[in-house]
Amino acid sequence: MNSDHLLTDFFTHIFPLETPFANRQQYGAVILWPIFSTLALIAGLFSIVSPFLYAQPAIPLLASAVMTITFTGGAWMVRRGAVYTGTGLVCGVLWFVITVTALFSGGVRSSAVLHYVLVVLLTGIGFGRYGASGAALVSSATMLGLWLLELTGWLPQTTQLLETSLVYTILISVILLLTGIIIFIVDAQLSAALRQSRQEATERKRAEQWLRQALLAARAGAWEWDAQARTIRWSPENYPLLAIEPTREKLTFRTWLARIHPDDQATVRAAVDRAISNIQELTVDFRVILPDGTIRWLRGIGQPVVDAQGVLQGMYGLQIDITAQKTIETELQRSQLYYRGLVEDMPALICRFLADGTLTFVNDRYCQTFQRSREELIGFNFYELIPPERRAQVAADIRQLTPEQPTMEHEHEVLQPDGTIGWQHWINRLLLDDNGVPIEYQALGIDVTERKKAEIERERLLNELTARNTELEQFAYTVSHDLKSPLITIKGFASYIQRDLEAGNLERIPADLQRIIAAADRMYQLLEDLLNLSRAGRKLSQPSRIGLGLLISEAAASVSSRLAERNVYLNLPPNLPEIYGDRTRLREVFQNLIDNAAKFMGDQPSPQIWIEARPADQPGFVLVSVRDNGIGIEPRHAQRIFGLFERLNMQIEGTGIGLALARRIVEAHGGKIWVESEGLGKGATFYLTLPQPPVSE
Amino acid sequence: MSGSIDPVVILLVEDNPDHTELITRVLNDHRIPNRIIHVADGEAALHYLRRQAPYTDPETNPSPHIVLLDLQLPRLGGLEVLQAIKTDPTFRHLPVVIVTTSRMESDIRLAYQFHANSYLVKPVDFEQFIRMMNDLGDYWLEWNQVLHA
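Line by line, the protein sequences give chains A and B. Under this note's numbering, think of the first position of the first sequence as 20, with each following residue one higher. Under this note's numbering, think of the first position of the second sequence as 960, with each following residue one higher.
Misleading hints may appear alongside valid ones.
Computed cross-link-like contacts, SDA-like style, restricted to lysine to any residue with a CA-CA straight-line distance of at most 25 Å [said to hold, decoys possible]:
id : chain 1 : residue 1 : chain 2 : residue 2
1  : B       : Lys1045   : B       : Asn1020
2  : A       : Lys701    : A       : Tyr599
3  : A       : Lys503    : B       : Ser1077
4  : A       : Lys503    : B       : Arg1062
5  : A       : Lys510    : B       : Pro1082
The set of hints was computed from the structure by calculation and includes no laboratory data.
Make a model of the complete structure from these sequences and hints.
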């Protein structure tokens, strides 16, 4: 009923419940204190109206006054929690007042005895079913006593208290009303308590369900440890977590510990002991081995519970399956290990840097190469390790990297710790974050100095080889011509001689014979020179210190016949320096130069040759000049004359090998040879640079 | 053929005096009358053709009808002389026969590239030498029609 509900709600609003009831006294108090309060009010009202109801109102007035005080006191005591004391006191006083009133108002026939019903009801509420039974027995016994007293005539005679039957009716009605009120209060309070507790139960159930779902979702199980009882309670979610069949086995501390990996048991025990002895939060990761052999990672966490005195009461906690997380962690650690190993052990330089060149990472190789510590290098700008004139190009290369084209290779020079310039080959990569935004650059480099040097050396050798090949080609070309020419001459004139002899025509035979002899001589000279030239191209013999003056004197002596024939005067100054090289070969050089000068004197009336020497621009070399006042050379032929078989003048004997040979010998010594002349008739000066002896200790 | 016809003028550019003598002897014996003018180097050959000193007199230095050119020459090589002749509109028509000892492929290729009219290699054997010079005379002096400038 709505109205009924309204009323009970109103009532429970006045006398609010204090739930949950921990024991009988508490819920007795909840019911009794509104009852006692109500009864105190009613007794007070009765004491006011009783003088109008009774002929002799002294006794009812006294009784109702006593009861008003008693109920008030009882309500106060019950409110304080002293339910048994309060109820006992109230019921005792009530029984006494009823009995006394009955003694003076007609014994068992007095309406007062009906009040024993109230005693039974109140003791029933206060002390329960045994209290009610006890009170009923006591009341019945009192009634029996009253009857006995009446039989023996001990009761006072003036027992007619009530004025009229209306009053009697009113009194009985009051008792019935009181009974109704008491039952009403009991019902109101009990149904309110019941409703509240049902509500609580529903809420608790829902909360439990939340917890269960949350635990399942988290792959976690809850536990609760009671320090006093020394027991652990496990939530059902722990069973699947440890793969324990709930119907077969019960999860206890012992079975739990048995599941833990042997290597982790000590760790777990230590962590638990520490949490308990220090009263602190528990966190420990451990492995459990499931019956099928799988290993699962669990994380145990716990929160200690202490009482007001700070004594540990127990601990609430969870154990959570973190296998997936651990697997990722392990994988990550392993891959980090692999990559770290790769980065550190690779025979390459690895670094990361910001767009401005500031290094953020370098590997060991990088540190070793530049001989700087990692602490020095991190935060250092790597452009400072590159020769200044190359920095702009390197920066331009790196700026080309974009998210679309994130890698690039290039080679550049670097400043090596020993001050020399080295070469490095780098692969640069632009590192992007998840959104494709550039973070920094990563670069992998290798030292290619040796390769670069080899490339330069190869280039040089290739050039030399090309030069040699050209020379060889020239050689084959000219040999085919120059060796065949005298042969044609010999065979041709020999044939003419034969014909002339047959015809008896002897006139031109001596001249033709002369041609044949000269051609044969030329062939011999050519072969000799070729042999000489091929020797010159080979390795030089052990170099020695040579006095230049003596060497030139020897060379001049070997061509003395030519000098004498042309009456050439050789000016050889004193104090010529020492040179260093292959004595025999170098003598050939001067032999050729002096012979050459003597041959090309033309019609010079006083042919002369001047030798001079001074330090060359090339360090460690002497510049020697051989000057003549002969026919000279046109400047445009200055280069050609050193070519193999080159002859500018066919009238003058020679094979065209002498100057080629001289050049080859000089170049084999690391020197140079060239000729200068102001033109025909102005004489010529041959210059050559030759090594000085090494400075002796 | 009557003797009144002017002899064919041959410009022989040859640095080797012996070879010059041999070629001259063979051609002098040839039945076609000819006049050999000899120069010993490339520069002289060009000077002669251009009538430069000392070859200024047209009487003593007639224009040649054919040039026999050696390749190995002092001062200015045979190929350079050939190129000079064949790039000059005045002399382009002149038949130039290379007579050399070189068999080098590069020489032969270059000679033809520069429009040499023929390329002959001097045989070492004298009988062959004579035959070649006679055939050369037959072909170039008799059968080949030259332009009389």
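Going down the list of hints, with the structure as the test:
A distance of roughly 21 Å separates the Cα atoms of Lys1045 of chain B and Asn1020 of chain B; the hinted pair therefore holds under the 25 Å criterion. Proposed proximity of Lys701 of chain A and Tyr599 of chain A is contradicted: the alpha carbons are some 32 Å apart, above 25 Å. Among the hinted pairs, Lys503 of chain A with Ser1077 of chain B is consistent with the structure: their alpha-carbon atoms are about 20 Å apart, no more than 25 Å. This hinted pair checks out: Lys503 of chain A and Arg1062 of chain B have alpha carbons roughly 11 Å apart, not beyond 25 Å.
Taken as a hint, the Lys510 of chain A and Pro1082 of chain B pair is honoured in the structure, with Cα atoms around 10 Å apart against an allowance of 25 Å.
Comparing the model with each earlier hint shows a violation of hint 2 alone; every other hint is respected.
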